[in-house]
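S.K.: For the sequence shown, our numbering assigns the number 49 to the initial residue and increments by one for each residue that follows.
These are computed hints drawn from the structure, not numbers from a lab.
Label-pair distances were calculated between CB atoms; the ranges are:
#	residue 1	residue 2	range
1	Arg224	Arg190	32 to 40 Å
2	Arg197	Ala69	32 to 40 Å
3	Ser225	Leu71	32 to 40 Å
4	Pro192	Val85	48 to 56 Å
5	Lys159	Thr255	27 to 35 Å
6	Leu191	Gly77	39 to 47 Å
7	Arg63	Arg224	44 to 52 Å
The C-beta atom is built at its ideal place from N, Cα and C for all residues, glycine as well.
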Amino acid sequence: MSTAERLMSSLTARRGERVLAWLAVGAVGVSAVLSLVASPPDAEQGGLIRLMYVHVPAAWVAYLAFAVVFVASVAYLRTRKTRWDRVAAASAEVGVLFTALTIVLGSIWAKPVWGTWWTWDPRLTTTAILLVIYVGYLAVRRLPDNPARRARWAAVVGIVGFVDVPIVHLSVRWWRSLHQAPARLIGVPDVSGSMGVALGVGFIAFTLVYLYFMALRLRVGRLEERVVAEALSPRIGQPAEALMEEPARG
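All chains should be modelled from the sequences, with the hints used to inform the complete structure.
M.R.: Here it is in structure tokens:
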């Protein structure tokens, strides 16, 4: 078993899941205090700037989730191990959730700043396309086809769809955009020290929330596969555990 696979096993164990839950709750609490109390209002936007501490980390988690889909999809195509397919599926679900949250929070922020809930700005448009791509990925996983073939198709979509992630991130630099460029937190920062700390803690908090959601979804996914494997085991003549872990066959 590889290091990555051992890490996944540790995270999806009930003890690892509980540790992640407490870490996530604690980090979100610290982030809330820093963003709502310690961080000052913006000179132009006032208290509205506090949406940044949720909007930007949510976008980061979407990037992270789809990067994990990409890596897990490549690993699945190389090994045909179903555990990598489970990781890709779980991360795509979390990524879609946080991409939708990013769009909703961005619309709430845009209304008082831009005067509209939505505009076909390059960043917004490419983010909407990203959401559609991974909703399509989840739809592919629901196709009534051979499980191994379905997993291969989903892996291809997960790999090709990731191309849109750097496009989303760089869209504000490539095209004229209403959306502001990403804030720099190191070197010559674009935000004050307290705001940078609050934003940095927000990144950590949302990453821990992502890891907790992943641990929870992977455990549920494994339980779902165990039910199927136990139903098939008498017909195929193999132990359920072997059916769950062996490379998927067409």
